[in-house]
Amino acid sequence: MLKLFCKDITLIIPTLNRYEHVITYLNYLTNYNYGGVVILADSSESEIFNKTKLYINNKVLNFNILHVDCKNLKNFEAIKKVSELVETEYCMFIPDDDFVIINTLEKCKNFLIQNLDYSAVGGITFLAILN
0 MLKLFCKDIT LIIPTLNRYE HVITYLNYLT NYNYGGVVIL ADSSESEIFN
50 KTKLYINNKV LNFNILHVDC KNLKNFEAIK KVSELVETEY CMFIPDDDFV
100 IINTLEKCKN FLIQNLDYSA VGGITFLAIL N
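In terms of numbering that gives the first Met the number 0, the sequence shown is residues 0 to 130.
Hints were generated in silico from the structure; no laboratory data involved.
As the structure is a prediction and not an experimental result, all values here were calculated from the model.
C-beta atoms are modelled at their ideal positions from N, C-alpha and C, and glycine is treated no differently.
What you were told as hints is all true, and nothing was included just to trick you.
In silico lysine-lysine, PhoX-like type, Cα no more than 20 Å apart, as pairs: (1) K80 to K70; (2) K108 to K2; (3) K108 to K6; (4) K70 to K52; (5) K6 to K106; (6) K80 to K52; (7) K106 to K2; (8) K70 to K50.
Here are the computed distance ranges between Cβ atoms for each label pair: (9) D96 to L65: 14 to 22 Å; (10) Y117 to I93: 13 to 21 Å; (11) E46 to N114: 44 to 52 Å; (12) T23 to L3: 17 to 25 Å; (13) S118 to N57: 35 to 43 Å; (14) S118 to N56: 31 to 39 Å; (15) K52 to E76: 14 to 22 Å; (16) S45 to E83: 19 to 27 Å; (17) V85 to N109: 18 to 26 Å; (18) I93 to N114: 16 to 24 Å; (19) I112 to S45: 36 to 44 Å; (20) L53 to L115: 42 to 50 Å.
Using the sequences provided together with the hints, build the complete structure.
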């Protein structure tokens, strides 16, 4: 049986007209056994939104995904709108072109569990520029 990670974590991923980034991200999460929830705050044009929706509806994913239409909303407005939908104990906002390391996400969650006086935690950032 496949072991899934981060079942009690929601990733909020805002996006705007970047279908390829979203598909790459969803495949990445599936390949690395993410098992939590993804809320895709999608501010894309209708054509791209519908293309993404079709992909999600036809793809087998390890996690639950809510694809929310946030048309005409800027990044933080979209995040605010979808944050009401979070039902898990932990949540992270992450852009559609930043990849979270699933193992590190579990470590961050465990740190918060062991350090109740903290409300947020972050890891190390790695930046790569591709030509």
